[in-house]
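Here is how the chains run, residue by residue.
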Amino acid sequence: MHIVVLAKVVPDYLVPSMDFELKDNRAHERYSRMLGLYDENAIETAIQLKEKTSAALSLISFGSENDVQFLRKAAAMGVDQLILIKGQSDDAAVIAQNLMAAVKTLGPVDLILAGQQSADMDRGVVPGILAQMLEMPFIPQIGYIDSKGGEWAVTQITATGKRELEFKGPGVLSITSIPENVPRIPVVRAIFAAKKKPVTKLESINQGKMALTELGVEIPKTKSICEFIDVEDMNAAAKTLLTRLTEERYI
Amino acid sequence: MPRVPYWNIDFGIVMDLLAIPVIFIFLYGFYRQWLLIRQGKMRVNPDVGKMIQGIAAFQPGAFFVRGILNEKLYRKPFSGIAHGFVFFGMAILFIGTNLVILNVLFGLPVFNGAFNQWFMAFGLDLAGVLALCGVVFFLLRRAFMPERLKLPAARKGFVIACGLLGGILLTGFILEGARLAAGSLEIGAFAGNLIAAGFIGNTHALSIHTVTWWIHGLLALSFIAYIPFSPLVHIVLAPVNAGFADPAPGVKMGVIDFSSFESEDSEEAPLLGADKLSDFTRKRFLDFASCVWCGRCQEVCPAHSTEKPLSPKGVIVTMAERLSKGQLDEPVWDNISMEAIFNCTTCAACMEACPVSINQPKTIMKFRQNLVMEQSKIPELMGKAIASLEQRAHPFFGTGSGMAEWRKDLDVPFFEAGETEYLLWIGCSVTYEQRAQKIGRAMVNILNKAGVSYGILEDFRCTGDPAKQMGNEFLFAEIAQQNIEEFSELGIKKIITLCPHCYNSFTRHYSKLGGDYEVIPHGSMIQMLMDENKIKFDKKPQRITYHDPCYLGRRNGEYEAPRALMSAAGNLIEMPRHKNESFCCGGGGGNYWAEETGRRINQERAKEAFDTKADIIATACPFCLLMLTDGLKKCTEETKAFDIAEIVASCLPDVSRSS
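Residue numbers (our numbering), protein chains in the order written: chain A, 1 to 251; chain B, 252 to 910.
To be clear, the hints were calculated from the coordinates, so they are not data collected in a lab.
If you're wondering where the values come from, they're calculated on a predicted model, not measured in any experiment.
All clues given are correct.
Below, computed lysine-lysine pairings styled on DSSO-like, alpha-carbon distance capped at 30 Å:
| hint | chain 1 | residue 1 | chain 2 | residue 2 |
| --- | --- | --- | --- | --- |
| 1 | A | 168 | A | 50 |
| 2 | B | 628 | A | 195 |
| 3 | B | 884 | A | 239 |
| 4 | B | 790 | B | 864 |
| 5 | B | 527 | A | 52 |
| 6 | A | 104 | A | 209 |
| 7 | B | 628 | A | 196 |
| 8 | B | 763 | A | 196 |
| 9 | B | 763 | A | 195 |
| 10 | B | 744 | B | 700 |
| 11 | B | 659 | A | 221 |
| 12 | B | 576 | B | 527 |
| 13 | B | 292 | B | 527 |
Take these sequences, add in the hints, and give me the full structure.
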């Protein structure tokens, strides 16, 4: 069995909004880089699946050569081989095209996992496009995966509840965050072993670009507004607070 | 009439002959203890000095003060005094017995004149009476055991030991009484005289004397033979353990050399931390063997006293039992839970309370290192903090503050190589936690006011301490190396710290990685400025209580400088638990990022501080400040907790506390 996990190295996704700034329409390069938030959940899920099924586990990433140092964390967590496609495009179709090419170099694969959405672009579309290109089923927001006699039993978790699904053959799943897939802290000897794991580097292809043009990027500006609520009567104050938060659509 | 050896005893030599095998049994028992202890790993540490048998360097001062005089025992006056009665009483009686032997062998005139009256008669009677009182106290306490002795298990063998001791003492008095009743009363022998006059008539004195002599002698020999096979083994092991204990205060985890992981196949590299008895050193084996299961560590442990699974006594007792059963290689996780291991706040209160100088936190931290670095097991929030440290060089994941927010609108110089004298090390909590940011601002105001040559780093990185305390020594070493390299490039020699955790890291651990600096906690720096009249402020009519941060107080012995500042700023009042007996805020050992079970430690400590009715609760650690601020919410809506720098800054002319 061969499982593939897709991951992207992104700028720090927890930079406080007051401290966040853009450069050339993207996060400033001064921010630390790291594996994407949901990508780490996907890697953890894939490793747990690998441990259960004794599958081989490959990671494919589309990014720059500098990303290798961050991808090694996935190797330390338990990924067997790293594949980096050297490319810079933010176009979801181009990225999917490149990922497809890399997947095909691996021969038959049984399952492809990806984070629910990248921590920088926040689109969540690449795995879906890739599934379509590979003619595989795509199921987003998956929490739990089980292998049952050649079939995959998965649980889709959304804000409103969960849905259990089953499918046969290979598929692409995007992984959401659940308590069971909190990424592990790699053990020290695995960190050192990961340094020695080879990284396959592939050149990117720049085909199939979507017909759209980025005109501008804006991030919301943080502003502080202070409003005092009279607390003489605590019950009334709580009601007022609730009303105000609802009015402002915070809740 | 002087006493005559073997008076009224036929074949007394038999007792002497019996003593020979008993001495062999006694020596064999201790040899057996050594065989157990030597199964531990030899320590290889060039810093330790002249190491004995790979255990540690021997400190005669500690051996005498903590081992023989039992300095720590008296912190619990009743059991301390009772122990003193038994130990010193028996020691005097032992000396007396040896003087008798010297009298028999060499005719040493011990039964003559004033020496006989005041030492051999009165002195030994008094020692015997006091020792007997102590034995009765301990027997009663075994009958009505306090929780600390009972849980998680009471050590067996103390009742037999006390019974033997009591028997020896009682038969000793009867023997003396019978001797005096058969002859004449002796000035000074008040106990013997009382028994002779009150209980033993002339008619039976000789036969009572003969029978009791044999019983007394046999009991004494049994007792000696029993010592190394019973809890009484601590008579020897406790002073030895005190002598081998690290002389510096607090827990020192040392640093791990990871080079073998680089050079070898990392699968072959040595195990990190410990998951079984055989992973520990001989010094830890000596700790386990010395433990008397008294539970003083458990009683002062902030985790245990707030109903969390950790008991430092439980951990040591588990290891002691494995040592006695020879279970060297069975993993401990069936007996010691991961939750318990991460409950430890590394406050070192257990170490401070331990009368036999055991380093409980070191054992716990070794388990923690193994869980994190070998098994990838860590509570979720701590794991997030570690991941953040690795990704962002600080543990405050999800902080709403940017790196420069703490110094917004303040004129703070950057450290310039060759120009600036002190590096003002801000630390992660002051940088990223809004409440703690005010400490940095206050300190900047004080340093500016005093005209100190200082500067900060443009980019911030943590010291790595949280990683180390959470068991990730590897991440700590990586971060520390980066800091050391940066400090070297900037030529930094003197560092002012705002956080005792940073202070502890720089002084204890960076030096072992090649970073030697003069490090000054901010309280000491402010006191220095005050002593040099560089800052002046008037006392305010405010009552201040001071919470000792564990990493400043117990771990580094700094109690006075913050108190001097608080006494200058107001009227200092102490909490019931203060200085070396201070109670942790709950945030140490990475537990700032813990999801606590049981009662909350910070609320317990905040209540203790609040109950002093102080206007201000001062501390000298940003983590303590954050924990106390949170804990106080249960007591009051007022903001009462402040850092010493904030309090001093608020007393300075033209500087307000909220700056």
